[in-house]
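Engineer: For the sequence shown, the numbering used here gives the first residue as 2, with consecutive numbering after it.
Since the hints were made in silico from the structure, they are not lab data.
Using N, Cα and C, we set each Cβ at its ideal position, and we do this for glycine too.
Possibly wrong hints are sitting among the right ones.
Claimed, not checked - Listed next, with one range per pair, are the computed distances between beta-carbon atoms:
no. : residue 1 : residue 2 : range
1   : ASP85     : ILE62     : 29 to 39 Å
2   : ASP81     : GLU106    : 30 to 40 Å
3   : GLU106    : LYS84     : 32 to 42 Å
As the list claims (entries may be wrong) - With a Cα cut of at most 27 Å, we get these calculated BS3-like pairs of lysine-lysine:
no. : residue 1 : residue 2
4   : LYS69     : LYS87
5   : LYS87     : LYS74
6   : LYS46     : LYS74
7   : LYS77     : LYS45
8   : LYS69     : LYS45
9   : LYS46     : LYS77
10  : LYS46     : LYS84
11  : LYS74     : LYS45
12  : LYS69     : LYS46
13  : LYS84     : LYS69
14  : LYS77     : LYS87
15  : LYS87     : LYS46
16  : LYS45     : LYS87
17  : LYS74     : LYS84
18  : LYS45     : LYS84
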Amino acid sequence: MKQLFFQFSYQRYDSKFHYVLILQANYLPPHCDTLDGPVVLAAKKALERHNVNLILAWVHIEGEREVKEAFEKAIKVYNDGNKDAKELAEYWFFETVVRIHREGEGRLLLV
């Protein structure tokens, strides 16, 4: 699903302070849905550094417990040494964190 992003600008078109509102619509994907977005990059760093706190800033308070539980499961597989298992653990953790982040959009994040 695409999100619609509106860019507003205005231009003065005569000397009597009349302004024209220009509305330009652009489609932008949600930044957190991409593998190179800030949420996934923080989740990757959390796994690499074995520090769940690096991702908690991106989730709402009610989602912290679920993220911590997912981190504990993912880190066990991540440390297994098997490349395929590591990639699967990463992807599953990324999906979990992004889902919880998206569920909390619009809620107060305590950072």
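Engineer: Holds or violated: LYS69 with LYS46, Cα cutoff 27 Å?
Structural biologist: With Cα atoms ~15 Å apart, LYS69 and LYS46 stay inside 27 Å; holds.
Engineer: CA of LYS69 to CA of LYS45, is that 27 Å or under?
Structural biologist: Holds: LYS69 and LYS45 sit about 14 Å apart, inside 27 Å.
Engineer: Given the hinted pair LYS74 and LYS84, is their Cα-Cα distance within 27 Å?
Structural biologist: holds, 16 Å
Engineer: Between LYS69 and LYS87, is the straight-line Cα distance small enough, at 27 Å or below?
Structural biologist: holds, 18 Å
Engineer: For a C-alpha distance cap of 27 Å, please report whether LYS77 and LYS45 respect it.
Structural biologist: holds, 14 Å
Engineer: A range of 30 to 40 Å was offered for this pair. Does it hold for the Cβ distance of ASP81 and GLU106?
Structural biologist: holds, 33 Å
Engineer: For the pair supplied as a hint, LYS45 and LYS87, confirm whether the alpha-carbon distance does not exceed 27 Å.
Structural biologist: holds, 11 Å
Engineer: May I ask you to test the hint 32 to 42 Å on the CB atoms belonging to GLU106 and LYS84?
Structural biologist: holds, 33 Å
Engineer: LYS46 and LYS74 were given as a pair; does the straight-line alpha-carbon distance stay at or below 27 Å?
Structural biologist: Measuring from Cα to Cα gives roughly 16 Å; hence the hint holds.
Engineer: Verify the proposed pairing of LYS46 with LYS77, using a straight-line Cα cut of 27 Å.
Structural biologist: holds, 16 Å
Engineer: Decide if the proposed pair is consistent with the structure: LYS46 and LYS84, CA atoms, cutoff 27 Å inclusive.
Structural biologist: Between LYS46 and LYS84 the Cα gap is close to 17 Å, so the pair holds against 27 Å.
Engineer: Regarding the pair LYS77 and LYS87, is the alpha-carbon distance no greater than 27 Å?
Structural biologist: holds, 9 Å
Comparing the model with each earlier hint shows no violations; every hint is respected.
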